[in-house]
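Student: Working from the sequences, and respecting the hints, build out all of it.
Protein chains in written order, with my numbering: chain V, -15 to 234; chain L, 86 to 441.
FYI, nobody ran anything at the bench for these hints, they're computed from the structure. Treat the hints loosely; a few may be bogus.
Claimed, not checked - Straight-line Cα separation of at most 30 Å, DSSO-like style, residue types lysine-lysine; simulated pairs:
(1) 106(V) to 135(V)
(2) 379(L) to 424(L)
(3) 424(L) to 135(V)
(4) 429(L) to 135(V)
(5) 429(L) to 106(V)
(6) 343(L) to 379(L)
(7) 424(L) to 106(V)
(8) 181(V) to 106(V)
(9) 135(V) to 91(V)
(10) 424(L) to 123(V)
(11) 135(V) to 123(V)
(12) 123(V) to 429(L)
(13) 368(L) to 424(L)
(14) 106(V) to 123(V)
(15) 106(V) to 91(V)
(16) 368(L) to 429(L)
(17) 368(L) to 379(L)
(18) 368(L) to 343(L)
Source: prediction; values computed, not measured.
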Amino acid sequence: MLTIENLHAEIEGKPILTGLNLRIRAGEIHAIMGPNGAGKSTLANILTGRPGYDVTSGSVQFQDQDLLALSAHERATAGIFLGFQYPVEIPGISNLHFLRTALNAQKVARGERELSGAAFIKLAREQADALSFDQEMLKRSVNVGFSGGEKKRNEMVQMGILAPALAILDETDSGLDIDALRAVGDGINRIQRAPNKAALLITHYQRLLDYVVPDFVHVLADGRIVRSGGAELALELEREGYSAILEEAA
Amino acid sequence: MIVALPSPREEAWRWSDLSALPALIATTPRQEPYEVTPYWIGRGPRLTFLNGAYLPLLSMPGSVTVGPMTIESDHALGRLVGRIGWTHEVAAGANAGETIEILNVATGGGNHLPARIVLAGGAQASIVETLVGDGWSNRLTEIVLGEGASLQRNVRMMQIGGFTSLREVATLARNSRLVSTFLGVGAADTRIDAAVTLAGDDAFADIGGVLLARGHQRQEAAMVVRHVGVRSVSRQTWRAVAEDHAIASLAARVEIAKNAQQTDAAQSLRGLLMARTAAINLKPELEIFADDVKAAHGATVGALDPDALFYLVSRGISETQARGLLTQSFAAAGLERIKHPILKERFGQATSAWLE
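Tutor: This is the structure in C-alpha cells:
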C-alpha cells in the first residue's frame, strides 16, 4: 500500500530524514517509535503534504501513485488520513458541517455521489456512538472547548466517517487518560484493522500498543529507521530505553 | 444636486474615498427590471423602495408609515436625506410581531432616505433592511427606544456597485436594548456611521457586524457609543476581511460620561488580511470620565492560521474551499448576536455566498 524508499527531507535547510525506508502492506499495523527530534512527526507531515518541508531525494508510492506529486487534499482523497497530535480548534464551524464538507469533497473528487444531509447525519451518529463521543459535540464548533481526550476521540470519529485506506496517527495517545486511551485504541482496531486497510502509529510510549497490537515496530533515530521488529520490540524499548537500542544499532 | 462632501483630510473621513459620489448623483437611475423576491426573508410587513421612492404595489407595510418627515442632522452625509421617508412607531408594551423588512433597490444615480424607529416603553420590534443594486444609497435612521423597549436591527449591504452610506443615531432610555448587526457583502463601497447614546440607566447596546471587501472596494464602519446612565452595558464586535486591493476600516469609540458609573463596555475589532496588497485599519478608542467602570478593548489584524488551513486540507477539502470555511469561521463572531434562526441562516448564507 505504501512504499517509502530512501527518503531524505529537510526543514529550512536542516536535514531531518536521512534515508528512510518503509513498506506497509494492506492489512498491517505499523508503529514508529523513537526519541524526541528523531523525525517522527516530520515523516507524518511529509506523507500528508504539510507545507514547509522539502523532500530532497527518495520516493513515496501509495497505491500505485506518486504520493509526493499530490497536493495535501488530493492525498486525503486518495485515502490517507492524518490523526493530529494537536487537533486544531475552529470556532464558528460545526463539526458536522466540517465533516460533511470534507466527506463530500472527497466523494466528488473520486467521482462518487455526495451523501445527503440525512444519510450523513446517520453516519456521523453511528461513528460518534462507537467512540462514546457525545452527539451534541457533533453540533459544536470543531474542537472548541473540547478536552484533550475529546479532541482525540473526535479525530477517531473523523477517521470513521472518512474511512481512509491508510491512517497515519501522530501521537494520538498523547495526553489521554486510561478511558480515552482505550476508546481511541478500540477505534483504531475497529476502523483500520481490515484486510484492505492499514495504519501507521507514531508514538513515544508502549501503552497505546497494549490496545492496538502492531504487526511491526520500527525505531526511528536520526532521520532513518535503525531497527525493526514485531510487537515485542516495543516492550524491549519500554524496558531498556532508546539509548540501549540506539547504541546497539550504531 | 451639488453637495459639499468631507475630504480625506478630515480625521473622521481619512479612510474614506467619496470621490465617486459627485459623478453618481449626476446620473439618473436606469429604467430596468429588478428583482425583489430573492430578498424577502419572512412573512411579516415589507416595504420596497426603488431609488428612494416607495413602491406600494410591492409592499405590505403593516403599521409602518411612509410620508413627510424631518430629521435634523449635522452629519456630512446624513444631512443630505430628503423629506419623505418611513416611520415605525410601536406603542407602549406592544410587540410589533414579525420582523419588518425594508428593501432598498437602486438602479444608479443617488437616493437619500430618512427613517425613524420609535419604540415606546416596553415595546419590541425587529427590523431587517437590505440594500441592493447600484448607485449611491444614502440613509439617515433615527432610533428612539423608550424605557424597557427592545429593538433588533439587522442590515444587509448587498449593492453590486456604487456606494452605500448609513447614518444611524440611537438614543436608549432606561432598561432598553438595541441589538444591531451590519453585514457588508456586496461589491459597493460602504460607510456606516453610528452614534448610540445609552442615556438611561441599565441600558444595553450590542452593535457590530462583518465587512467583507475585495477588488478595490472600501468598506468602513465608524461607531461612537456613549454611556450616560449608570450600569449601562455595551458590546461592539466587528470582523473585517480584505482581499486583493481592498481596504476595510473599523473605528469604534466608547465614551463614558462623568456620572456613568458601573458602565461595562467591551469592544472587539478584528481584521483578516487575505492578501499583502489589501489593507485593514482598526481604531479602537476609549474616553472615560467616570471612575468605577469596566472597559475592555481588543484590536488585532492577522492572516489565516496555516495550522487550521492544513487541518481542513488534510481532510480532503481543497485549499480554496478551506480558506472560505476559515474566513466564515472568522466572520462568525461578528454575526453571533443574531438570535432569530431564519435571520441567522440568511445572514450566514449571504456571507458564505460572498466567500464562494
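Student: Work down the list of hints and note, for each, if the structure agrees.
Tutor: Taking the hints in turn, this is what the structure says about them:
no., hint, in the structure
1, 106(V) to 135(V), "holds (21 Å)"
2, 379(L) to 424(L), "holds (26 Å)"
3, 424(L) to 135(V), "holds (28 Å)"
4, 429(L) to 135(V), "holds (28 Å)"
5, 429(L) to 106(V), "holds (25 Å)"
6, 343(L) to 379(L), "holds (14 Å)"
7, 424(L) to 106(V), "holds (27 Å)"
8, 181(V) to 106(V), "holds (23 Å)"
9, 135(V) to 91(V), "holds (25 Å)"
10, 424(L) to 123(V), "holds (17 Å)"
11, 135(V) to 123(V), "holds (14 Å)"
12, 123(V) to 429(L), "holds (16 Å)"
13, 368(L) to 424(L), "holds (28 Å)"
14, 106(V) to 123(V), "holds (13 Å)"
15, 106(V) to 91(V), "holds (17 Å)"
16, 368(L) to 429(L), "holds (28 Å)"
17, 368(L) to 379(L), "holds (19 Å)"
18, 368(L) to 343(L), "holds (23 Å)"
Every hint, counting from the list given before, is met by this structure.
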